[in-house]
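Participant: Residue numbers (my numbering), protein chains in the order written: chain A, 1 to 306; chain B, 307 to 690.
Bear in mind the hints are in silico, worked out from the structure with no lab data behind them.
All residues carry an ideal CB built from backbone N, CA and C; glycine is no exception.
If a hint is listed, it holds; no wrong ones were tucked in.
Rough simulated footprint, nothing fancy, chain A against chain B, three-plus residues with beta-carbon under 8 Å: (1) 344 to 356; (2) 512 to 520; (3) 554 to 567.
Distance condition first, Cα-Cα at most 30 Å in a straight line; then the derived DSS-like pairs of lysine-lysine: (4) 678(B) <-> 663(B); (5) 500(B) <-> 241(A); (6) 500(B) <-> 299(A).
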Amino acid sequence: MSAAFIFEQLLNSLQLGVMLFVMAAGLTLVFGVMGLINLAHGSLYMVGAFFCAWVAGETGSFWIGLGAGLVAAAAAGAIIEMLVMRRLYDRDHLDQVLATFSLILIFNEGTRWVFGAQPLYLDIPDALATSVPLPGGGGYPLYRLMIIGFGVLTAVGLYLLISRTRLGMQIRAGESDREMIGALGVDINTLYTLVFAIGAMLAGLAGALVGALQSVEVGMGEPVLILAFVVIVIGGIGSIKGALIGAILVGLVDTLGRAFLHQLFALALPPAEANGYGAALASMSIYLLMAIVLAWRPKGLFPVNA
Amino acid sequence: MKSKLLALALAASVSMPAMAQAENVKIGMITTLSGGGSSLGIDIRDGFALAVKQGGGKLGGQDVEVMIEDDARKPDKAKQIADKFLKRDKVDILTGLVWSNLALAVVPSAVKGGTFYVSPNAGPSQLAGKLCHENYFNVAWQNDNLHEAMGAYVSSQNLKNAYILAPNYPAGKDALTGFKRFYKGELAGETFTKLGQKDYAAELAAIREAKPDSVFFFLPGGMGIAFMKQYAQSGIEAPVFGPAFSFDQGILKAVGDAALGVKNSSQWNKDIDNAANKAFVAEFQAEYGRLPSLYASQGYDAARLIASALEKTGGVEDADAFRAALKAAEFESVRGAFKFGPNNHPIQDIYVREVIKEGDVLTNKIVGVGLKDHADAYASECSM
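Chain B with its partners taken away, still in its complex shape (with noise of 0.2 Å):
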């Protein structure tokens, strides 16, 4: 298998003596690079690696190794990059990782042997609850928190009988059940799809059937990219609500028109006025020459978080020092207003966008907010 090793600080180190070296912290970023969903790992990793550039291959003034590795969306090679990353090349920091079944194979041991771990994307409820830890940070979300905001936007809009369906995997559970803990109506139905899958036929005709009056579904990636193409041929009628995994910048063009006018809920958008937002949104089209992500906002923040904790620390070297300028999260995040709960979770705004289009180009715009600082619902479980 390959193994990319990216040293971004490379134009800096090479001029320096090797005792410099030595102190460079060193971060680890499991992603997934290649097979099904990479275009989100590929997307954290290009905001995360946007950051370390506008830094001149420095985050917060300390120089940074990156090391990034693909686990190709597998919880075993996940678990064995990880294990690489720890014990041969003794990363301080690790990062990167898409997926909750991946992040809970990882995570929890990593953290106890002391490394700290930053989740640009990644929140299930156990590590935001009974697993919890000081050292695990999460600057995306908490699982559940898109969807429970769009659980309380759907029963804004009196909608009282929603039919739901998720993949059957850690955040496939989360999401169902945020949904239902903000959303006050019936549920004509609930359903758990395999995870992968792409014919959504059964589905749609059991959702036929239900004749539900609107339809919340949680499916990133190419799934979320059948089932709105094939919900649009279907002919069902009910509105359809989604969290903005389903209607982001990297895959709505695949999506195509059968997007368009879908509410979706993100803690992020392209259009929030804040000046670290147009810097990163103007950077990251010009350096890789497409508009950025939501998962991309998310690699950018995770990397902006750990400079603004090694600003104040100088190094990773006191470990108190350094979670506490973690959690102090001081450094303008591109989604405007942002600090940590009691379990190093976010809390923050939760956005109701719309699908549009900008000439020919299918985008988001904000709405309305669907939850104002939120924090999840995990943390009263997490004793640390």
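The shape of chain A in the complex, shown without the other chains (with noise of 0.2 Å):
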């Protein structure tokens, strides 16, 4: 096992950590603004990742493509939020996930009837398409650095908005005390309006940049929404910087725990069978994470205060 090979799976699990953060940051965000829990997020995801294969195949340009996946999800949002979110809000939790379980088969079926059930193509633009040289031998893909890139980019972007921006201002108080924020003369409504399109733009960054990497299809969202909640349960519901450690967390045991808890087995037991159990509990051990981090911290590693 040489070092470049260790370094490459540290790049790996960071990577998937930053795109786990953008997805959970915008989940996080909802439910901390809003007190709204939000299950088609996956759906926004879906979006950005549809509209940016869909707009990319019709122009040619990967990068036009992004930017329709952008705004579509942050329409998609915008348009959720008003016609079924903004009814939510004062019911609970178990009426909101109700409705937007609901949201995530409209969604689904939505996207099957515009687009078909066929998945579409997407690829990365060839600009990208190269290996940067690692130390220690071996290439890493460009375009997952860039990927790493953008969420560093998003995780900065969050943190200005929310502590020097008037908007950030406002998304603290409403945390805090949403009535206090309306009697104050905020409009309220515009308020979660905008953060809700905010959290949709990022799940549609999110599903356009991991769509071209991976593959834009029907359902895609669901699998990366359960992570998403994972890392939000261990980071603190409503936590931004819970997002971002618990997503890094996420990524590391997740990506680790494929490379090398096989090898560990192999140590004490034919190959076979520590491929075997290195690969049932690799893919239990975000889950395992989760588990042990709520029966340290109930609320998860950075509660906000309710």
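Two chains, two frames, a set of hints: combine them into the complex.
Facilitator: Written out as structure tokens, the structure reads:
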């Protein structure tokens, strides 16, 4: 096992982590500000990927597609906020879960209706289809490095938005006392729509970026949604900082588990059994992480004071 | 949840008296029509429906009522639908399941209760071996078959250090077992991935580290699209081999040029030269506006197998006669020669195909035969 291999796996962990953060940030933001559990967040991820694939296919440019994916996801977010979510803020979480779950079904069937059941084609731009040499040998795909870059930019951007801008101040105020900022004259409806659209746009960004790497198909959002929930539960629901730390932790545990667990088992077991146990444990590793974190800190790593 | 009741024989049955309707052969199709993997189930359904449509709402001259429900790829849901089909609708024949884990949840109890099951896809080793049953017929393949052919082919290409990977579920295990059964070289590595996994960065790094001379993978549906795209970006030079599932018509477009030139194994391709296949490919395209996939061909053959048996027996009242007629498999399969082995699984040629471009369209052409008149390895474990 070479040092380059370990370094590459660490980069992989980081890339998965920042991607999960982009996804989870929107989810946790919406929960923090509006107290809303949005199961349809994965659908917005899918919307971003499908519009990116469609527009990239029509125009031949991935970047135009990416822009279209962001706009479409933000628009879809704003629309469902105005049509559906707004009615749910005063309901309990069970109603929210039910309504947003139905949105998943509507989005999935609607996407199939519009784009067809077969997966769409979306590939990374040619300029990024190369590898960057790593110290110690081997190479790392430039596109994945770019994803890490996008993730870092998102984290910095969110930090600046929330700590340095007027909108951020309103978001923070909304988190601590919703009724009061309404009473102070802030247009709460617009604020909520805006926050929801920002969250949706982040999901669309994740979907478009990952769609080029993986596959653009109906139902692609749900597995990611589950991971995003694991991330925000570990990080503390409503906390952006928690989402960042949680995402990196999940990225590390998942990637390193897949890379090294079966080798660990192979020290004590024959290869076939080691592979089986390694794969089984690797696929539950992040849930074990979540269980351990929750046993230690029931409200997650960075609980938000409610 | 939505439940569809598609009476494909509607046109024929509305005009008929109630007595005749009661004699309809009822077929329950449980398949994946929503969520991930739905393009497979949709192709199976469309292939099956095409055969019924060609018969004017009948199969083998008998009126059939085809009920179709979506399992959303969930074993518990498939089981519920099966219970409903068996207890309430009292179907005569079940078909449609795409996934082996769903088939294992549904098939054993259904066939024990006397219902027939014709599998258009899933063929887990258990159902070919210890759990085999006289009422269970697989018209596609036993899960290992396509992988066995690829193992034989990779060895025949003088490649001796393969890295193999598949998802950690029954068909994934069958796949690697099947590959290894006919592959004679060393293994550079063997990995089970999570079912539904889409990011293969960790696995690709491990492959690069292991320096294999070839890579064999079984990752059906979106998993394969993701893997091929990421493999092409990774810069690993070793040639890739796989079963048809990741290089089939339905997903080639999404994989893109990364798939070009890849050799894959299949029991069917659109260029197999026989009258049944020509008619199937042409009529499928005319009906649905797309090229048929492997899954569509299997759905079509499942319906035509049932039709051939109904034509002989006129119904399923005499179960023994119907069973014997299914076993005889006297229909023109789109893949050419076809017969059932002792465990009701196919004995057939498995071809090697290559991904090519016809104009702008990525598709496959047959470049050789991987295994001739191939039967599965579990027949001896089946006592029937």
